[in-house]
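When we follow the working numbering, the leftmost residue of the sequence shown carries the number 0, and every step to the right adds one.
Wrong hints could be hidden among the right ones.
Straight-line Cα separation of at most 25 Å, SDA-like style, residue types lysine to any residue; simulated pairs [said to hold, decoys possible]:
{"hint": "1", "residue 1": "Lys214", "residue 2": "Arg263"}
{"hint": "2", "residue 1": "Lys214", "residue 2": "Asn159"}
{"hint": "3", "residue 1": "Lys297", "residue 2": "Asn324"}
{"hint": "4", "residue 1": "Lys214", "residue 2": "Leu168"}
{"hint": "5", "residue 1": "Lys214", "residue 2": "Arg257"}
{"hint": "6", "residue 1": "Lys297", "residue 2": "His333"}
{"hint": "7", "residue 1": "Lys153", "residue 2": "Gly101"}
{"hint": "8", "residue 1": "Lys153", "residue 2": "Val120"}
{"hint": "9", "residue 1": "Lys297", "residue 2": "Arg67"}
{"hint": "10", "residue 1": "Lys297", "residue 2": "Asn159"}
{"hint": "11", "residue 1": "Lys214", "residue 2": "Ile227"}
{"hint": "12", "residue 1": "Lys297", "residue 2": "Phe61"}
Between beta-carbon pairs, the in silico distance windows are [as the list claims (entries may be wrong)]:
{"hint": "13", "residue 1": "Arg73", "residue 2": "Arg255", "range": "52 to 58 Å"}
{"hint": "14", "residue 1": "Gln122", "residue 2": "Val233", "range": "25 to 31 Å"}
{"hint": "15", "residue 1": "Ala210", "residue 2": "Arg38", "range": "53 to 59 Å"}
These aren't lab readings, by the way, just hints derived from the structure by calculation.
Only a predicted model underlies this, so the values are computations on that prediction, with no experimental measurement involved.
We treat Cβ as the ideally placed atom computed from N, Cα and C, and that holds for glycine.
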Amino acid sequence: MNDVGLTESAAMALPTLSRWLTASGIACVAADPRDPVGRHAARILHISERVYANHRDIVVDFADGAPRLLRPGRGQPAEIIFGADDMAFGHALIAELVRPAGHPACGEPESAALLDLAARVAQHDATVLILGETGTGKEGIARYIHAMSPRAGKEFVAVNCAALPESMLEAILFGHQKGSFTGAAGASEGLFRAADGGTLLLDEVAEIPLALQAKLLRALQEREVLPIGATRPVSVDVHVIAAANRDLATEVAEGRFRADLYWRLNVLPLTLAPLGNRRLDIRAIAAAMLLRHSPLGKAVPWPTPNALDRLMTHDWPGNARELENVIQRALLLHRGERIEADDLAIDRRFFSDAPALTVRLADASRQSEADAIRAALEVTGGHRLRAAQRLGISERTLRYRLADMRQAAAA
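Just need the whole structure built from these sequences, with the hints factored in.
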């Protein structure tokens with residue numbers, strides 16, 4: 000990422016901004032407001048220096064009263080003004096305004112370090128394995144790796160292996176010849192060849208059937224695919240990124256995933272923590288989502304300090320997807336000029352018409368834990384992910400607890 004220029008006057012007005020930008024992965028250097036245009040990716044200027052600003056810059060000021068954000072437009076810079084009560088969110092908004100498109104929002108130093116690692120990984124073609132719960136941003140990291148790689152000008156193709164019929168997965172991945180099976184009225188190149196020269200994301204890779212895993216392993220090792228019905232393999236030049244919300248080592252131990260494929264995928268592992276463990280990321284992602292979903296031409300409603308506290312103290316069992324739903328609802332339903340804590344519908348049950356039969360697992364005693372799990376599964380019709388969300392734990396943790404329950408029952 001090119002550095003962001005920060006003028007002395009802007010730094011004096013917002014003395015902690017430089018530290019926030021650096022911690023969130025944005026290189027920040029001193030800049031003269033009269034610097035030639037193009038020396039920096041963007042500049043942050045004090046409002047008194049507005050005459051020097053261009054459309055890529057941000058004009059800032061520190062002032063008491065209602066915070067304000069004016070988006071850039073018609074050649075004019077963005078303008079953001081806030082006081083002490085709104086400084087935390089103001090810093091997050093500035094960071095997301097200067098962060099290049101395609102670079103995931105982050106506020107935690109650990110998340111910035113992971114993005115730095117991802118950028119270095121992007122320079123190599125070794126297979127990358129991204130692990131993390133559903134909604135933690137695995138596809139965003141994969142797209143970032145592609146954007147930072149020498150393959151950025153080629154195709155990025157993403158496929159959710161769990162969303163495809165098992166009977167069609169081989170043809171979709173590797174292609175097929177005309178007439179190779181019933182319904183194959185024409186030939187198809189498959190996603191490996193569609194991504195030739197670029198990047199292929201195999202999301203939910205743990206859902207690939209065992210029989211097909213052997214063919215995937217060969218494609219990775221030999222850099223070639225054999226379409227269904229073909230007699231000769233076809234060479235492909237693809238950087239493969241795999242993602243999973245399950246612990247693949249556990250899947251291997253339980254016989255659901257090939258050990259040789261696991262080691263082939265696990266060359267460069269990246270692990271995303273649950274959003275509830277990334278408090279400063281919550282603020283950054285909320286700022287990015289407000290900018291993304293607020294209608295152009297209208298004022299961006301700021302969350303009040305109480306609303307921001309509520310966002311940052313919630314556990315977010317649904318991770319960033321849950322946060323995005325909450326932000327979108329708040330934008331639609333808030334009544335005043337700002338988003339209040341009561342506008343954040345984050346305490347509602349995932350199924351509003353379901354009986355309140357479950358409790359947060361962290362609040363349940365050891366003796367009643369099994370009852371809480373059974374109740375959550377009953378309410379959600381046996382859906383493990385939704386049950387885990389209601390209990391406030393990850394799906395993986397729920398599977399471990401269920402295994403413990405089965406062992407206890409068998410003892």
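Margin query: Going through the numbered hints above, which ones does this structure break? Give me the numbers in ascending order.
Written below: 10
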